Every structure is written in structure tokens, then in C-alpha cells.
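As they're listed, the protein sequences go chains U and S.
Heads up: take any position in the first sequence, counting from 1, add 110, and you land on our numbering.
Heads up: take any position in the second sequence, counting from 1, add 4, and you land on our numbering.
No lab work stands behind these hints, which were simulated from the structure alone.
One or more of the hints may lead you astray.
[To be verified] Here are the simulated lysine-lysine pairs, DSSO-like style, with alpha carbons at most 27 Å apart:
#	chain 1	residue 1	chain 2	residue 2
1	U	Lys167	U	Lys124
2	U	Lys193	U	Lys119
3	S	Lys102	U	Lys119
4	U	Lys181	U	Lys119
5	S	Lys102	U	Lys167
6	S	Lys102	S	Lys58
7	U	Lys181	U	Lys167
8	S	Lys102	U	Lys180
9	S	Lys102	U	Lys193
10	U	Lys119	U	Lys180
11	U	Lys167	U	Lys119
12	U	Lys167	U	Lys180
13	S	Lys102	U	Lys181
14	U	Lys193	U	Lys167
15	U	Lys124	U	Lys193
Quantities reported herein were computed from a predicted structural model and do not represent experimental measurements.
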Amino acid sequence: DGGITQSPKYLFRKEGQNVTLSCEQNLNHDAMYWYRQDPGQGLRLIYYSQIVNDFQKGDIAEGYSVSREKKESFPLTVTSAQKNPTAFYLCATNRGGRETQYFGPGTRLLVL
Amino acid sequence: GIQVEQSPPDLILQEGANSTLRCNFSDSVNNLQWFHQNPWGQLINLFYIPSGTKQNGRLSATTVATERYSLLYISSSQTTDSGVYFCAVEQTTDSWGKLQFGAGTQVVVTP
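Whole structure, please, built from the sequences with the hints as guidance.
Structure follows, in C-alpha cells:
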């Protein structure tokens, strides 16, 4: 079975806590992306990575951090500096360049 | 940054009806994609269409880049077409991969 997996499906965060969302792919895609979706809105780009060991900030990177140590993995950490983290987080991949993006199933993060 | 406007924001259709969704954008683009988000949140890419016309079954799309708009046509709608349709563009002057999404069109198809 192939594709993009995100875990966990639901995540609860306490105030002041850092949490890490997982995104794994076995499509051999070079590029990976993290988006945030708030209710009734479109997706906004948090971070993206075009190649291993390299990543760039998107439009709303404050309060988030990422790493890209392996081609298959692009974890997103939501830090305590992110004051409004409750949202639906989506990971996407593609072969790079201006290619079709493919999305994982998403993680819903809720602050307690 | 580039503005992406989708219309209408909401659409209610009876099964079997046809519809047209519109995406306007404020600057030149070299990448435009249409996505469908199902009620469980999964996004599926429908079309990669920076210009021209494409068809896939009951769906088709047309992008007129010089006039800065794209249209998504749904024919003979089915209940499984329900969900949110997003248009996303990449500005010509931006680095590749940075898609800007519209707010979406919420479609409900009733039996």
C-alpha cells in the first residue's frame, strides 16, 4: 500500500506544549509541503521542502518548525509560540517543480 | 500577493444537474490546480491546468490565463460530488511549489 500517511489522525495539545505531526511518503517524491486549514477557509502554506536537508518558510511559518532529514519524512512541530494552533493540518508531496500536488489524509489538532 | 477568488461560495444542486464553478486570480500564473475536498477532509487533485481545456469523465476545466480565470464544469452531478472545490494558483514571480488557495466553493448535491 503506498501513498502519503499522516499521524496521528487527531491530536490534543495542552497550553505551553510542543507537539509533532508526522508525514511519511513512499512515492519517491522530492518535494513535501505542510498546509494549515481553518474552518470554512482555504489552505495556507506553512513550510515546504524541495529536497532533503533543505526547507523554506511559507506564508504562516511563525510558531512552527520542520526538519527534512530523510526523503520520505517531513515532520512538523507546532511550538508553544503558536498561539492559535487549533486547525486541520495537511501534508502534500510532488515530484518537484510545478507539478500536481498529492495530499495526505490530514491531522486535526485541538488545544485543550 | 496574488488574490484568488472563487464563486459562488455555496452551491446546492439536485442530482443530475450541471454547474459551473469559477476561479479568478489577480496576477499572472504558471500553475493552476483544481482540488476536491470530501466531507472527511481528503483532498484529491482534479486537474493541473495552467491553460487550455481538459476533461475527465463528468468533470472538465478551462483556464484562460490571459484573462485570469478558470472554470470547472460538473455535468450530471451525483451525491458523491458533494464537498468543497478549491482552486490553487502559483504566481509567475514566485518560487515553484508555492500554491495560493482560494476559499473554495461548497457544493451539496441532493438526491
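Against the structure, the hints:
no.	hint	verdict
1	U:Lys167 to U:Lys124	holds (25 Å)
2	U:Lys193 to U:Lys119	holds (21 Å)
3	S:Lys102 to U:Lys119	holds (25 Å)
4	U:Lys181 to U:Lys119	holds (22 Å)
5	S:Lys102 to U:Lys167	holds (10 Å)
6	S:Lys102 to S:Lys58	holds (23 Å)
7	U:Lys181 to U:Lys167	holds (18 Å)
8	S:Lys102 to U:Lys180	holds (21 Å)
9	S:Lys102 to U:Lys193	holds (24 Å)
10	U:Lys119 to U:Lys180	holds (22 Å)
11	U:Lys167 to U:Lys119	holds (24 Å)
12	U:Lys167 to U:Lys180	holds (18 Å)
13	S:Lys102 to U:Lys181	holds (19 Å)
14	U:Lys193 to U:Lys167	holds (18 Å)
15	U:Lys124 to U:Lys193	holds (12 Å)
Comparing the model with each numbered hint stated earlier shows that all of them hold.
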